[in-house]
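*Asks:* Residue numbers (our numbering), protein chains in the order written: chain A, 1 to 262; chain B, 1 to 443.
Honestly, the hints are just simulated from the structure, not real lab data. Where a beta carbon is used, it is the ideal one built from N, C-alpha and C, also for glycine. Keep in mind that a hint or two might mislead.
Residues from chain A that face chain B, not an exhaustive set, calculated with beta carbons under 7 Å [claimed, not checked]:
#1 56
#2 57
#3 59
#4 108
#5 110
#6 111
#7 155
#8 216
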Amino acid sequence: MTSKSAIAIDKARAEGRAALIGYLPAGYPSVEETIAAGIALARNGADLIEIGIPYSDPVMDGPVIQAATTEALAKGFTVRQVFEVVAGITGQTDAAVLVMTYWNPVMRMGVDEFSRRLAEAGGAGLITPDLIPDEAAEWMEASDKYGLDRVFLVAPSSSTERMRRTVEASRGFVYAVSIMGVTGARSSVSAAAKGVVAAAKDAGAERVCVGLGVSNADQVAEIAAYADGVIVGTALVSAIRDGGVDAVANLTKDLSAGLTRK
Amino acid sequence: MAEAPTAGSDEGSVDAFLQGGPSLRHAPGPYFGSYGGRWMPESLIAALDELEDTFEKAKADPEFTAQIADLNKNYSGRPSLLTEAKRFAEHAGGVRIFLKREDLNHTGSHKINNVLGQALLAKRMGKTRVIAETGAGQHGVASATAAALLGLECVVYMGAEDCRRQALNVARMELLGATVIPVTNGSQTLKDAINEALRDWVANVGNTHYLLGTAAGAHPFPAMVRYFHEVIGEEARAQILEQTGRLPDAVCACIGGGSNAIGIFHGFLDDPSVKIYGFEAGGDGVETGRHAATITLGRPGVLHGARSYLMQDDDGQTIESHSISAGLDYPGVGPEHSYLADIGRVSYEPITDSEAMEAFRLLCRTEGIIPAIESSHALAGAIKVGQRLAAEEGTGSGEVSDKIVIVNLSGRGDKDVATAAEWFDLLDKDSAEATIGKEGEQL
Chain A
1 MTSKSAIAID KARAEGRAAL IGYLPAGYPS VEETIAAGIA LARNGADLIE IGIPYSDPVM
61 DGPVIQAATT EALAKGFTVR QVFEVVAGIT GQTDAAVLVM TYWNPVMRMG VDEFSRRLAE
121 AGGAGLITPD LIPDEAAEWM EASDKYGLDR VFLVAPSSST ERMRRTVEAS RGFVYAVSIM
181 GVTGARSSVS AAAKGVVAAA KDAGAERVCV GLGVSNADQV AEIAAYADGV IVGTALVSAI
241 RDGGVDAVAN LTKDLSAGLT RK
Chain B
1 MAEAPTAGSD EGSVDAFLQG GPSLRHAPGP YFGSYGGRWM PESLIAALDE LEDTFEKAKA
61 DPEFTAQIAD LNKNYSGRPS LLTEAKRFAE HAGGVRIFLK REDLNHTGSH KINNVLGQAL
121 LAKRMGKTRV IAETGAGQHG VASATAAALL GLECVVYMGA EDCRRQALNV ARMELLGATV
181 IPVTNGSQTL KDAINEALRD WVANVGNTHY LLGTAAGAHP FPAMVRYFHE VIGEEARAQI
241 LEQTGRLPDA VCACIGGGSN AIGIFHGFLD DPSVKIYGFE AGGDGVETGR HAATITLGRP
301 GVLHGARSYL MQDDDGQTIE SHSISAGLDY PGVGPEHSYL ADIGRVSYEP ITDSEAMEAF
361 RLLCRTEGII PAIESSHALA GAIKVGQRLA AEEGTGSGEV SDKIVIVNLS GRGDKDVATA
421 AEWFDLLDKD SAEATIGKEG EQL
């Protein structure tokens, strides 16, 4: 099965670099600005874009993303608007666009219906922070049916056996959590990240991208040396909060410079 | 009353059970029918595996079970009494009502059973720190107590609004050596306190055990929390047989997450003649939308690690619950309760704030016992159940029925005196208490 995420990562690899993946919460500060910021991400060096669905109980998110998604919900964001955001970005760019979502909103809409609409909007697949392969039978079926990528997470605490099963269940890439903790900028990248990537590769992963705590070009350069992709979230959310779409464009340029630095 | 949904594809049904089907006791998890499981970040799965493994080994270890038995007897004060409430029963169709007195346990509620068990497991895992969530403060106080007893560091997450309203319970936890962290994000309620505790756990899982306070959450929590509360039902069953020579006709408990309820239900699940009732917080009335009647009006979904009934909107966002009782004010419910509802073994019904407060006052005045407002929901439900049983039997007004109802009196009401005084307008309007009450403080 072809994978939009894999194609985007392989294209970066063919250029001799790691891929850059940027996260934005849908509807923050507005649906229109999320689309504009997503396009700016793609035009300034991001290969993949991760659009988060604001959720009432985001247990894996730190204060910056929590504040943004809480605001989006307070302004009336509804889940179906995420398809508008995805279609708005995929209509204007070649970037692979994934949706990052806690599982209950998908369950509520119906896993098949959600998947159908995501595929229709041109989405590449889902990143699922609170869905492990053990509980994902319905999603495995729907993602096969609609040709969507299944990006599960692996962590420093994952056992060899769990690493193997998670890699096997994933399509597109495997999301390596760099640190035991929640999203948020950190001054240095955890030494654990390199170990998680190596373990995922040992378990058979073809593409492993690293996220959590990455906020500047130096950190991007450090991770790009051993991973297939680098995921930046909180720093981009701070940028759109403080400087709007232009700030997202500028930060993306900066970050992408880190991809090729030796 | 809510009709229990049909069982669907769930294995087992109450009919099969009544015809000698498999036991409903000791359900091991991770699944209860289609409920339960582990809807959790991968980062925490290793910790859940470690906890499950430690728990399973501890259950089979006579040294551990002896430790629990010793603490229950010599620290908590178990077995708790089973008290017949004769004057209260006159208001419940004249049936015989017995109260399982969890209010007499050390710290004043059933919560101590679970925290001692989990704190011992934390020690077995070599963890030096426990974290807990709390709404009104009962579980926080119990956790701080167990941590003090066993020499563990304790951090309690509590909604900022709850901290303000329950200032004395915050002081109580701090006296016991715990650190209380006010949670200011999200809706600043119990569910956000759980979210924040989970964030702490992800970051500190190496030395920290999450001492979850109810029979909900990811496996093994629902089955494990039930295990530590099974003593309630086992004692109650033996006590009623000893005092009356027979099993009760009905057992009643209040349900928030459902830990006291699953504890007492467990003793009677395999007794087909015993009807079992769980009473949810109906708040201002389920028709108002301001309630916490999760099973009555919720739809299945995932929250805090388990698939279960859930108060959620059409987008799958969690809806805020409302109840006069902080301990029942939670938009989710333990997965085993969802299963017992679906198969029809337990009936779940809502009780409004007003009904609960009337039962609260009635117990105070007829029995000299001030119950927790949580437990008052079970008392109000027992009045209805008693009247129904008497009506079925054709007992006239003033006559005595020989039907027997057990109510789990899960906690004492000392913590609720200010709320009750405000509700019943007992405070002199110039008193310091009334002034504080206006600001929403609990005394």
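*Asks:* When the nearest CB of chain B is found for residue 216/A, is that gap smaller than 7 Å?
*Replies:* violated (21 Å)
*Asks:* Hold the hint about residue 111/A up to the distance rule: shortest CB distance to chain B must be less than 7 Å.
*Replies:* violated (12 Å)
*Asks:* Against chain B, is residue 108/A within 7 Å by beta-carbon distance?
*Replies:* Nearest chain B Cβ about 3 Å off; hint holds.
*Asks:* Is the shortest C-beta separation between residue 56/A and chain B less than 7 Å?
*Replies:* Hint on residue 56/A: holds, closest Cβ of chain B at ~4 Å, below 7 Å.
*Asks:* Hint check: is the beta carbon of residue 59/A less than 7 Å from a beta carbon of chain B?
*Replies:* holds (4 Å)
*Asks:* Quick check on the hint: residue 110/A CB to chain B CB, less than 7 Å?
*Replies:* With a closest approach of 10 Å, the residue 110/A hint is violated.
*Asks:* Taking 7 Å as the limit, does the beta-carbon of residue 57/A come near enough to a beta-carbon in chain B?
*Replies:* Holds, because the Cβ-Cβ distance from residue 57/A to chain B comes to roughly 5 Å (cut-off 7 Å).
*Asks:* Once the shortest beta carbon distance from residue 155/A to chain B is found, is it less than 7 Å?
*Replies:* holds (4 Å)
In summary, the structure is inconsistent with hints 5, 6 and 8 from the numbered list given earlier, while agreeing with the others.
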